[in-house]
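Chemist: Spelled out from the first residue to the last, the chains are:
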Amino acid sequence: MTEPASDLTATTVLPETQPGVGIARVDTTSLTRMTHELSSEQGARLADLFATEAGDDAATFRVVYALDREQRYVVLESVVSGQRSPALSQLDPAAFVEECEIYEQFGIRPADGRSMNRVLTAPGTNRRLGWRGQGRDGRPDRAHAPHLVEGEAIEFPFGPVRAVGWESLYTGLVTTGEEVLDLYLFYWHKHRGIERRLVGRTPERALFFVERADGLNAIGNGLAFCHALEAAAGSDPPAPAAHARSIALELERIYNHTAAIAAVCQATGLSVGQAGVEIVLEDLLRLNAAAFGHRYLFGVLAPGGVRRAPDRDAIRGRLERHCDELQRVAHALLHTNSHVDRLEATGVLELDVPRRLGLVGPIARACGAELDSRRDHPFAPYDQLVPAVAAAQQGDVLSRMQVMLAEVAESERLIFEQLDESGVAATPVTPRSAEGLGWAESPRGESLIWLALDDDGDIARLRLRPASVRNWRAFDDAARSQNVFTDIPIIEASFWLTVAGGAR
Amino acid sequence: MTLWFLRGLRTGIVTTRYPAELDAWTETLPAPPRFRPELLTEQLADGLVDVCPFGALAREGDELVVDLGACTSCGLCVEHGAGAVVPGTVFELASPRRELLVKRVPIRGGP
Numbered sequence: 001m002t003e004p005a006s007d008l009t010a011t012t013v014l015p016e017t018q019p020g021v022g023i024a025r026v027d028t029t030s031l032t033r034m035t036h037e038l039s040s041e042q043g044a045r046l047a048d049l050f051a052t053e054a055g056d057d058a059a060t061f062r063v064v065y066a067l068d069r070e071q072r073y074v075v076l077e078s079v080v081s082g083q084r085s086p087a088l089s090q091l092d093p094a095a096f097v098e099e100c101e102i103y104e105q106f107g108i109r110p111a112d113g114r115s116m117n118r119v120l121t122a123p124g125t126n127r128r129l130g131w132r133g134q135g136r137d138g139r140p141d142r143a144h145a146p147h148l149v150e151g152e153a154i155e156f157p158f159g160p161v162r163a164v165g166w167e168s169l170y171t172g173l174v175t176t177g178e179e180v181l182d183l184y185l186f187y188w189h190k191h192r193g194i195e196r197r198l199v200g201r202t203p204e205r206a207l208f209f210v211e212r213a214d215g216l217n218a219i220g221n222g223l224a225f226c227h228a229l230e231a232a233a234g235s236d237p238p239a240p241a242a243h244a245r246s247i248a249l250e251l252e253r254i255y256n257h258t259a260a261i262a263a264v265c266q267a268t269g270l271s272v273g274q275a276g277v278e279i280v281l282e283d284l285l286r287l288n289a290a291a292f293g294h295r296y297l298f299g300v301l302a303p304g305g306v307r308r309a310p311d312r313d314a315i316r317g318r319l320e321r322h323c324d325e326l327q328r329v330a331h332a333l334l335h336t337n338s339h340v341d342r343l344e345a346t347g348v349l350e351l352d353v354p355r356r357l358g359l360v361g362p363i364a365r366a367c368g369a370e371l372d373s374r375r376d377h378p379f380a381p382y383d384q385l386v387p388a389v390a391a392a393q394q395g396d397v398l399s400r401m402q403v404m405l406a407e408v409a410e411s412e413r414l415i416f417e418q419l420d421e422s423g424v425a426a427t428p429v430t431p432r433s434a435e436g437l438g439w440a441e442s443p444r445g446e447s448l449i450w451l452a453l454d455d456d457g458d459i460a461r462l463r464l465r466p467a468s469v470r471n472w473r474a475f476d477d478a479a480r481s482q483n484v485f486t487d488i489p490i491i492e493a494s495f496w497l498t499v500a501g502g503a504r
Numbered sequence: 001m002t003l004w005f006l007r008g009l010r011t012g013i014v015t016t017r018y019p020a021e022l023d024a025w026t027e028t029l030p031a032p033p034r035f036r037p038e039l040l041t042e043q044l045a046d047g048l049v050d051v052c053p054f055g056a057l058a059r060e061g062d063e064l065v066v067d068l069g070a071c072t073s074c075g076l077c078v079e080h081g082a083g084a085v086v087p088g089t090v091f092e093l094a095s096p097r098r099e100l101l102v103k104r105v106p107i108r109g110g111p
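Those protein sequences? They're chains A and B, same order as listed.
Numbering-wise (this note's numbering), the first sequence opens with residue 1 and increments by one.
Numbering-wise (this note's numbering), the second sequence opens with residue 1 and increments by one.
The hints are simulated quantities; they were obtained by calculation from the structure and are not laboratory data.
Yeah, the Cβ is synthetic: ideal placement off N, Cα and C, and Gly gets one too.
It is possible that some hints are incorrect.
Unchecked claim - Chain A side only, calculated, beta carbon under 8 Å to chain B, not exhaustive:
| hint | residue |
| --- | --- |
| 1 | VAL272 |
| 2 | ARG286 |
| 3 | HIS294 |
| 4 | GLY299 |
| 5 | ALA332 |
| 6 | HIS335 |
As the list claims (entries may be wrong) - A few chain B positions that, by computed beta-carbon distances, are all more than 12 Å from chain A:
| hint | residue |
| --- | --- |
| 7 | ARG7 |
| 8 | ASP23 |
| 9 | PRO30 |
| 10 | ARG34 |
| 11 | GLU60 |
| 12 | VAL102 |
| 13 | GLY109 |
Chain B on its own, in the form it takes in the complex (with noise of 0.2 Å):
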C-alpha cells in the first residue's frame, strides 16, 4: 500500500471548489438553448416543435413553451433555429419545483 501512499501524495488533491466557483472546462458543454424571441415566428415555432425528439417544445397560441426538465442538450432545435435558438450556458437548473422548469418566449417575429 506505500505505493498507492506515495501515488495519492503525488497526485495531490484534484477536487475542484464547484459550486463555489464554476470550473473552466465547463464553458464548452451543451446546455438548454436560449431564445430570441423577436426572431420566433409562428411557422418557426412549429417547426421546432416537430424537430425536438424529446417533447420538450410546444406551441400555445402566440408563446412557445419550453421545458427545461425534457430538454436534452441535443441541439437540433439550435441546428433547425436560423438564428432565433441560440446555445445556452447554463446547465444548472435544478429546481425546487418542476413547474419552475418549464418556460414561455413569446412569439414575436409574425407568422
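Chain A extracted, bound-state conformation (with noise of 0.2 Å):
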C-alpha cells in the first residue's frame, strides 16, 4: 500500500506476513483517512472491526476490509487511548455494530457522540466477562438507539421465548396493525463469551469450542480458525487434508441449504413441500454421520489437517440421490402458485444494501452481489477448484431460495470433482507468539477469525465473526419492506442466520 511521501511517518507497511493479507500500522488521523479512501474510492468491502488491550487506558483498534477483486485483505491496525475512537461508522455504515460492541467491550465510543445500541449483553444482566467497559461508567446507557412511534402504530415485543426449537431472538415491532413499520432485534440472550472464555486454552481445545460455538457453521467457523492457526504458523495442511475439508464445507452447505428451504415451507404453511425437504434433510445429515462419523460434522478438523478423511462410499453412492430429490421437490415447489406468491417482492433487500451494510453469503448474492470467498480470497483447493457464484437481482425471498438451490448443486460438484483425492492427514503447527488472519466461505457467507498466540502458543486474543454477525443487521431493512406480520417467519428462514452465530 503506498502513501503520500508526508504520511509515510503516520503509517506503518508491515511485510505481508501471510499470503492475502495487508496489514498497515496507522495513527488514528491516518484511520480515518483510510477508511474514507477503502470504503468509498477503492469499493472495498468491510468485513470486520475488532479491538485489543493495547495496555493501561489503550486498545488497538483493526478494521479488515476485503479487496474481493484484488483477492486480498488488508487489516488497518491503530492504537486508541483514552475513551474516545474515530467515528468509523459515519464513513462506513458498515462498522456501526461493532463500534458498539467495542464500546461495551473496552468502553471506547465514536467521538462523534452518536447514540451507542448495546449488542452484547442484556442490561441489568451484571455479567462480567473480563472485558474492560463492562462495569465502567462509560457502559452503553441505552438499549437502542432511540426512535420515535407516533400517530396510531405501536411496538409490541416478541420474543425472547419463541415456538420450540427457536433460538431465543426479541424482535421490536412497530407495526399499525398489520404492516411493519420497523423491528429491531435483540440476539444478547444467548450471549455466551465465547472470545473471552477461550483466552489461555490451547488451539486444539480452542477449536473444539468454536466448532460448537455455532453449531450449524461448525465446518465454517472451524475451517476459519484453522487457517488463522495454520497462517500464524506459516504452514498449510497436505493437500489430501484440504480436500477433505473442502468437502466437509459443502457437505455443510448442502444441508444447511435444505433445512433454510424446509423452513421457508413452514413458514408459507406449505406442510406437505416442507415435509418433502425435511426427507432429504434427514437423509443429508445421516449421510454427514455415515461420511464423516457426526450429523453435524462436529470432529472432523484439526489444527493443520483432518481428522478422520470422508468415506468416499458413503457419498458416492447416496450424495446424488438426496440432492436429486430435493431439487425434485423444489421443482414442485417453485410450481405452486400459493407458496411461490409468499416468495415474490417478500422481504426485499434494495440492491445497495450488501454493499452498504457489509453483507455477505447468499443474502448478498440474491442482491446481484457477486461475493465469495471461495473465489474471492482462495485457499487450497479453490485455487484449483474454483466455484461457479450462483447470483440473483430480485433481493426477495424468492432470490435467496433460487441462489441457495443453485449453490446446492454446484456444492455437488464440487465435492465429486476431489472425493478421490481427499485423505487424513495434518501437518503439526505450533505457533506461539503470532498472529493469524483465518476465513472460510461458511452456508451463510464468510466467515472470518483472528487470532493472537502467547509466548505458551496459547489463545492470547480469538476474534470470532462468523457471517450471521455481518447479516443480522439487515434484518431490519428486509422486514420493512412493505411486508406484513405473518411475513417474518419467511423473511427470515430465508436470511437462515443463527442467534449463536451473532451472540457468541
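Take each chain as given, in its own frame, and dock them per the hints.
Modeler: Have a look at this one:
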C-alpha cells in the first residue's frame, strides 16, 4: 500500500506475513482517512472491526477490509488511547454494530457522540466476563438507539422465548396493526462470552469450542480458525486434508440450504412441501454421519489438517440421489403458486444494501453482489477448483431460495470433483507469539477469525466473526419493505442465520 | 395440489418402526463411552477428568463418576483413554430421575 510522502511517518506498512493479507499500522488520523478511501473510493468491503488490549487505557483497533477483486484483505491497525475513537461508522455504516461491541467491551465510543446500541449483553445482567468496558461508567446507557413511534403506530415485543426449538431472539415490532413499520432485534440472550472464555486455552481445545459456538457452521467457523492458526504458523495443510476439509464444508452447505428451504415451507404453511424437503434433510444428516461420523460434522477438523477422511463409498452411493430428490421437491415448490406468491417481493433488500452494510453469503448474492470468499480469497483446493458463484437480482425471499438451490448443485459438483483426492492427514502446527487471519465461506457467507497466540502457544486473543454477525443487521431492512407480520417468519427462514452466530 | 398428492404416493411412507426396532443407520451414531475398570488407573482417571470439556467426569476416591446427563458423546475421553475408554453404542438414555444417569466406575488398574 503506498502513501503520500508526508504521511509516511503516520503509516507503517508491514511486510506481508501471510499470503493475501496486508497489514498497515496507522495513527488514528490516518485510520479515518484510509477508512474513507477504502470504503468510498476503492469500493472495499468492510469485513470486520474489533479491538484488543494495548495496555493501560488503550486498545488496538483492527479494521479488516476485503478487496475482493484484488483477492486480498487489508488490516488497518491503530492504537486508540482514552475513551474516544474515530467515528468510523460515519464513513462506513457497515462498522456501526462493531463500534457498539467495542463500546461494551472496552468502554471506547466514537468521538462524534452518537447514541450506541447495546449488542452483547442484556441490561442489568451484571455479567462480567473480564472485558475492560464492563462496569465502567461508559457502559451503554441506552438499550436501543431512540426512534419515535407516533400517530397510530404501536410497538410490541416478541420473544425472546419463541416457538419450541427456535433460538432466543427478541424482536421489537413497530406496526399500525399488520404492516411492519420498523423492527429491531436483540440477540444478547444467547451471549456466551466465547471470545473471552477461550483466552488461555490451547488451540486444540479452542477449536473444539469454536466448532460448537455456532453448531450449524461447525466446519465454516472451524475452518476459518484452522486457517488463522496455520497462517500464524506459516504452514499449509497437506493436500488430501485440504480436499477432505472442502468436502466437509460443501456437505455443510448442502444440508444448511436444504434446512432453509424446509423452514421457508414451514413459514408459508406448505406442510407437504416442508415434509418433502425434511425427508431430504434427514437423509443428508445421515449421510454426514456416514461420511464423517457426525450428523453436524463435529470433530472433522484438526489444526494442520483433518482427524478423519470422508467415507467415499457413502458419498458416492447417496449424495447424488439426495440432491436429485431435493431438486425434484424444489421443482414442485416453484410450481406451487400459493407458495411462490408468498416468496416473491417479500423481504426485499435493495441492491445497495449489501454494499452499505457489508453483507455476505447468499443474502448478498441474492441482491446481485457476487461475493464468495472461495473464489475471491481462495485457499486450497478452491485455487484450483473454482466454484461458480450463483446470484440473483431481486433481493427477495424467492431470490435467496434460488441462490441456495444453485449452490447445492455447485457444492455437489465440487464434492465429486475431489472425492478421490481426499484423505486424513495433518501437519503439526505449534505457533507461538504470532497472529493470523483466517476465513472460510460458510453456508451463511464469509466467516472470519483473527487470533493471537502467546509465548506458550495458547490463545491470547480470539476474534470470532461468523457470517451471521454481518447479516443480522440487514433483517430490519428486509422486514420493513412493505411486509406484514406473517412475512416475518418467511424472511427469517430465507435469511437462515443463527442467533448463536451473532451472540457468541 | 395434485402434483403433491402424486409425489406423496410415489414417495410412500418413510416413517420407521422406531422405537419398536432400532433403525440400522443408528449403529454409527456417537454415544456416551464405556469404561473398562481393569484398565482404568488413578492417573488416567485424573487425566480424563481434565480432558472432559463438559464436566461429565469426576473422581471420587477409587471411583470415576460418569454423569451421562452431562456427556455429549464428543469422544475426547475415548481419544485420551488409552484403551480404558471405548466408544459406546447406547444412546437411548432417557431416565425418569436425574440421578439414574450418574454412573460409578471402579478404578481397578492401580495408581
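Chemist: All hints are to be evaluated individually against the structure, with a verdict given for each.
Modeler: Structure-based check of each hint:
no.: 1; hint: VAL272; result: 5 Å, holds
no.: 2; hint: ARG286; result: 5 Å, holds
no.: 3; hint: HIS294; result: 6 Å, holds
no.: 4; hint: GLY299; result: 6 Å, holds
no.: 5; hint: ALA332; result: 6 Å, holds
no.: 6; hint: HIS335; result: 7 Å, holds
no.: 7; hint: ARG7; result: 6 Å, violated
no.: 8; hint: ASP23; result: 9 Å, violated
no.: 9; hint: PRO30; result: 6 Å, violated
no.: 10; hint: ARG34; result: 17 Å, holds
no.: 11; hint: GLU60; result: 25 Å, holds
no.: 12; hint: VAL102; result: 23 Å, holds
no.: 13; hint: GLY109; result: 26 Å, holds
Against the hints set out earlier in the document, violations occur for numbers 7, 8 and 9.
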